[in-house]
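Turn these sequences into a full structure, and let the hints guide you.
If you want the building blocks of each chain, they are given just below.
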Amino acid sequence: MSLTELADRVGVTIANLSILKTGKARAIRFSTLDALCRELDCQPGDLVEFEPGPPIDPGDDDEE
Amino acid sequence: MRALGPGSVSSFLKIILDVAQVALSIGLGVVTTLGLAALIFHFDPKIVFQDADFSPADAASARRIIAGGLLIGALYIAGVLVIVGRLRRIFSTLTAGDPFHPDNVRRLRTIGVVLAVLEIIRYPIMLITVWLAPEVMSKSGFGMNLTTWFAVLVVFVLAEVFREGARLRREAELTI
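As given, the protein sequences belong to chains U and C, one line each in that order.
Counting from 1, position 57 in the first sequence corresponds to residue 57 in the working numbering; the numbering is continuous, with no gaps.
With the second sequence counted from 1, adding 64 to any position gets you the working numbering.
Just so you know, the hints here were simulated from the structure itself, not pulled from any lab data.
Hints may be right or wrong, so weigh each one.
Pair ranges (Cβ atoms, derived) [claimed, not checked]:
1) C:N209 - U:R29: 47 to 53 Å
2) C:T157 - U:V48: 32 to 38 Å
3) U:A7 - C:I185: 53 to 59 Å
4) C:G93 - U:R29: 33 to 39 Å
5) C:T157 - U:P44: 17 to 23 Å
6) C:T211 - U:L47: 54 to 60 Å
7) U:R38 - C:R153: 24 to 30 Å
8) C:N209 - U:L47: 55 to 61 Å
9) C:S156 - U:A27: 27 to 33 Å
Glycine included, C-beta positions come from ideal geometry on N, C-alpha and C.
This is how it looks when you write it as structure tokens:
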């Protein structure tokens with residue numbers, strides 16, 4: 001399945017899918033996760049994993 | 065009442081800001097020109113101080129006071145023009161549907177700083193005026209304007225609110 005086709009089926013833009021793929025996303029909606037798991041026939045744990053590192057500062061803003 | 069579009073509060077405010085921008089720009093040009101003209105050309109200070117009777121030395125010093133007053137007035141108008149300019153830019157982000165743009169935090173802080181600077185430079189100017197022209201000061205009064213300091217506080221608090229808004233906006237953008 002191509003990225004374009006997956007984006008169409010899940011209902012997100014290719015740009016947002018790319019943000020998800022590159023790990024730049026701050027959060028993922030349950031509805032998006034649900035659609036992704038449904039289309040890819042997998043579990044949430046197959047899509048997200050924890051990488052040890054410094055804690056993310058909630059006030060951290062790249063544009064500041 | 066609608067938030068945006070024709071007949072809304074924002075369209076009314078936009079008209080006020082546009083008119084203020086034009087009026088202040090014209091005012092700045094006029095006052096600066098008059099101030100520079102007062103510095104360069106000789107004129108009778110009685111056109112300002114009508115009741116006074118000047119010796120030639122007093123007239124020269126009165127001309128310098130008038131020129132200084134006009135140039136300080138121009139500086140004040142320039143400060144207000146900076147504030148109105150920033151407000152217009154903030155407003156343009158609102159009409160574009162993106163009021164929590166990160167640049168608005170910087171714009172609000174600039175407004176707060178300019179308000180504070182305008183108030184701070186008022187004090188030495190008042191002291192100089194008391195020294196040079198006490199009769200002028202006795203009419204306008206001398207004192208700290210608490211309303212201005214309160215406005216500065218409000219603007220800085222709003223800047224922090226907008227900073228949090230900008231962070232939430234960024235987070236919403238990166239929520240897929």
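To see whether the hints hold, each was checked on the structure:
1. Checking the proposed 47 to 53 Å range against N209 of chain C and R29 of chain U shows it holds: the Cβ atoms sit about 50 Å from each other.
2. In this structure the supplied range 32 to 38 Å holds for T157 of chain C paired with V48 of chain U, their Cβ-Cβ distance being about 34 Å.
3. Taking the beta carbon of each, A7 of chain U and I185 of chain C are about 57 Å apart, inside 53 to 59 Å as hinted.
4. One distance hint, 33 to 39 Å for the beta-carbon pair G93 of chain C and R29 of chain U, is violated here, with the actual separation near 54 Å.
5. Taken as a hint, the range 17 to 23 Å is violated for the pair T157 of chain C and P44 of chain U, whose Cβ atoms sit roughly 37 Å apart.
6. T211 of chain C and L47 of chain U have their C-beta atoms about 56 Å apart, which keeps the hinted 54 to 60 Å range intact.
7. A hinted range of 24 to 30 Å is violated for the C-beta pair R38 of chain U and R153 of chain C, which are about 45 Å apart.
8. With their beta carbons about 59 Å apart, N209 of chain C and L47 of chain U fall inside the hinted range of 55 to 61 Å.
9. The hinted window of 27 to 33 Å between S156 of chain C and A27 of chain U holds, with their beta carbons roughly 29 Å apart.
Going through the hint list in order, the structure does not satisfy hints 4, 5 and 7.
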